[in-house]
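2 protein chains.
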Amino acid sequence: MPPNGRKTSAMSGSNDALDHLKATFAEISAINNAIAVLGWDQNTYMPPGGAAGRAEDLAALAKLAHERLTSRRTGDLLKAAQDHAASLDPASDDASLVRVAQRDYDREVKVPDALVAEIARTSVLAESVWRDARSRNDYPAFAPWVEKTVDLNRRLCECVGYPEQPFDALVDYTEPGMTTNAVRAVFDELRPHLVDLVGKITPQVDNVDDTVLHRQYDEATQERIGREVVARFGYDFNRGRLDRTTHPFETAFNRDDVRITTRYDSRFLSMALMGTMHEAGHGMYEQGISPALAQTPLTGGVSSGMHESQSRLWENFVGRGMPFWRFFYPTLQAAFLDSLGDVEMHQFYRAINKVCPSLIRVEADEVTYCLHIMFRFDLEIALLDGSLAVNDTPAAWNEKVRGYLGITPPNDTVGILQDIHWTTGLGGFQGYALGNIIAAQLWESAHQAHPDLPEQFERGEFGALLHWLNTNIHQHGRKFLPADLLQRATGSALSPQPYVRYLRRKYGEIYSL
Amino acid sequence: MPPNGRKTSAMSGSNDALDHLKATFAEISAINNAIAVLGWDQNTYMPPGGAAGRAEDLAALAKLAHERLTSRRTGDLLKAAQDHAASLDPASDDASLVRVAQRDYDREVKVPDALVAEIARTSVLAESVWRDARSRNDYPAFAPWVEKTVDLNRRLCECVGYPEQPFDALVDYTEPGMTTNAVRAVFDELRPHLVDLVGKITPQVDNVDDTVLHRQYDEATQERIGREVVARFGYDFNRGRLDRTTHPFETAFNRDDVRITTRYDSRFLSMALMGTMHEAGHGMYEQGISPALAQTPLTGGVSSGMHESQSRLWENFVGRGMPFWRFFYPTLQAAFLDSLGDVEMHQFYRAINKVCPSLIRVEADEVTYCLHIMFRFDLEIALLDGSLAVNDTPAAWNEKVRGYLGITPPNDTVGILQDIHWTTGLGGFQGYALGNIIAAQLWESAHQAHPDLPEQFERGEFGALLHWLNTNIHQHGRKFLPADLLQRATGSALSPQPYVRYLRRKYGEIYSL
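Residue numbers (the numbering used here), protein chains in the order written: chain A, 1 to 513; chain B, 514 to 1026.
Possibly wrong hints are sitting among the right ones.
[Unchecked claim] Derived lysine to any residue pairs resembling SDA-like cross-links, with alpha carbons at most 20 Å apart:
| id | chain 1 | residue 1 | chain 2 | residue 2 |
| --- | --- | --- | --- | --- |
| 1 | B | Lys535 | A | Ala114 |
| 2 | B | Lys592 | B | Arg581 |
| 3 | A | Lys22 | B | Glu631 |
[As the list claims (entries may be wrong)] Derived list of chain A stretches under chain B, where covered just means 3 residues or more per stretch with a C-beta under 8 Å from a C-beta of chain B:
| id | stretch |
| --- | --- |
| 4 | 27 to 33 |
| 5 | 235 to 245 |
No wet-lab data here; the hints were simulated from the structure.
Quick caveat, the model's predicted, so the values are computed rather than measured.
Even for Gly, the Cβ is constructed at its ideal location relative to N, Cα and C.
Using the sequences and the hints, build the whole thing.
Printed below as a string of structure tokens:
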């Protein structure tokens, strides 16, 4: 094509290679969406017998998507689209598409299709083993699958490469642009503050009584209340669902079909209530992604940490905050009059904010939560580099729980088997701690932009916060690296200080520190 | 490859081309299974907003599967595998694979990928319009989608070709090897018998009272009973599910993951009860397919008629039969003591077998059911050949209902809008009538093989029947053409006479004809 032909094309904003790329990515996107639907189904409604067939299907689909992404044709199209992309604003959708797709391509082209298929297959099979092992407190039954997962992850890391250590490769999958040492530095900055807070709170842990949360709470009413709360936050049920699963999660097939799940316990109110807010936070992120990014690699959340910032923000900064309960407590109390009729709002607020070292990560309070993550992070690195054997991991887990939290898991079901993550691979935990940290940074910035957020919450209005998040985070999908997106949204780099400030202020007040 | 090289390969039972074919079909099968999961999800749990994205994903996946099936490589592999296949027993799995895959290939290679994608996309979008139009009794809103569906079907027929008339192409999709005229001949043979029976029964229609079916029946109890019944028939819930949908259906992703749905009405007992048996009949077909056929084009039911024979056999021949109720009525009565306590078994048996021309096909009795199909068949042919305009179809529908059944639909919701089928294409109805006909043929043969089937049913034992169906029908999947499979199972060609005998005997007794 003559230069001026190309110029015309660039001027008109279209480009042949880019158009072909988009068509290719629309196809890859359809396969990936199908994979996500199959994954959701596997966790919600698939009959037990379906696991083996599903494993084969998911392996084949993962391989197919990977083949398309890493094909010579995709590589050539990316190359051909670079000039056009360079002529555009780097923040434009098209320039971002080429940049992010090239990054994905460069990593994935190094991974054999067969390894991708094997990881997908193993994940389905491991999950059904985990589910069973967890319910029977039988880590040895699950151990061979952890072994296999570790081995597959090692091979993956060697394929994609890493700047300093193999675990970097896994970190880069969930936190693009970050390294193991960068995560560790943030954790090292945060840890002493948490240890200090826990140390100060522990002696007076009984000053807050949360037994009211363990009264009788009808599950159907819990579900109704959960739906009411998250609908008011802005989770759109016309473009979303809420189902029940063993392990709560969120998944999205596109911005208009987002699914969240939760679990109920009639003797524990906050698990489902706060869990639903948490997953809805994830869901609103996906529902807020720009429709212009649909069917491209730019759709979806940018990182595990950014995703988790959304869930933790709604669950904790909003959902465990006083302003929200000033608005909503009368409704909750009316729904559970038998159990909450004699509980006044401040007492309830203190109960849901009780700090107490506990065994289950997803039910941990805001102060101890990140400690759960930090020791998982250590264990995963040790598993990957071989310094910790799979069979020694339950003992190491329990040792870490003792060291970090001062308690000991009575069995593996509430210890090493509690989380689903090692069915899908290593390297999935650090995002949960980064999420708290980022949430605090976003919270400060949103608050600066809208100083009256607390008053809005007291009136049951959450639109300004959601709009701020939509504008600054959600709509951009994967366009920018997480660090750049955070910088654009807050003007700052990643820092645990806002989270430390938030915790010290809130829990200083609750525990009169 | 030298001839003796090929011979060795044939002797060892393996063949390179065949192995590559199987790998290709495993991939196509994964895509098709994903399409099926997405379809199930669309009908059960997809939020309303998800339709547009789902349509795009399904279009892309359908195109992808079609591309793989019709690629030059698949064509070459098929060609290369023919010699090997010719050296095998034609009834072997491998010879059947090559034969059936070649048949699929020869048809599909004539269809452009883009048309396949457009049909898939249209189907999802049309369905959400239909759902809405049906609930609002608004045929004009749905009409443009019928128009589009008719147009796409015309293009499809012209692509794949036909022996006598365009509709043959559609018949061949659902009833491989059959033509429009062959279907018509069977219908022409059956119709006078049905008209005669209806004519004799109509004057004494009030001799059977089915008002007891319209008493109060708690939906949760209905569901529990439905599950109990079909589990006893042999529907395996470890490899299957039962959910609720607007329009009941069955779908399978593999023999170990089969899904059925039903709908409940607390004032109409038999809809869900018989509907659940019906869908479980479909489900048991899929659950019984040989595992050796997994991930090949041979898995799945062989035709719409054969599939429907399984559902109608369990729903009607078993589920509306006296032996079954001798066994099960006490359980049903105990579950609904308020509504059935004063109803003795014979009265209930007569109620669920009341013959009365009615508007809704899926709730029609055994005698009038096929008449519903016959007029839909006529209308579809007329729509396809253009002799009937889409806008004139509601009037034509109502005219046909008057002509065939002597009643008039009061609105389109219970008329032309009742069935989901025209969202997915034309040519889907004849199988329902063929199903009744085939069911009667299988019923006679199974009965000959096991003369004590009625006594077994009275004891709640259904294993011998299921085993006979597994052995003679289910396990073979798509290996043989429907006519051949029927011949193998019953020693006879397709014939409505067993169905006529069955109806005359059963309803002669109930109505003392």
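Now for the hints, and whether the structure bears them out:
Only pairs whose Cα atoms come within 20 Å are accepted, and Lys535 of chain B paired with Ala114 of chain A is accepted, the gap being roughly 17 Å. Taken as a hint, the Lys592 of chain B and Arg581 of chain B pair is honoured in the structure, with Cα atoms around 16 Å apart against an allowance of 20 Å. Distance restraint check for Lys22 of chain A and Glu631 of chain B: the Cα-Cα separation of roughly 19 Å lies within the 20 Å cut-off, and the hinted pair is therefore satisfied. Check on the stretch 27 to 33 of chain A: 5 of its residues sit with their Cβ under 8 Å from a Cβ of chain B, so the three-residue criterion for coverage holds.
Counting residues of the stretch 235 to 245 of chain A whose CB lies closer than 8 Å to any CB of chain B gives 7, so the stated coverage by that chain holds, three being the minimum.
Hint compliance for this structure: no hint is broken.
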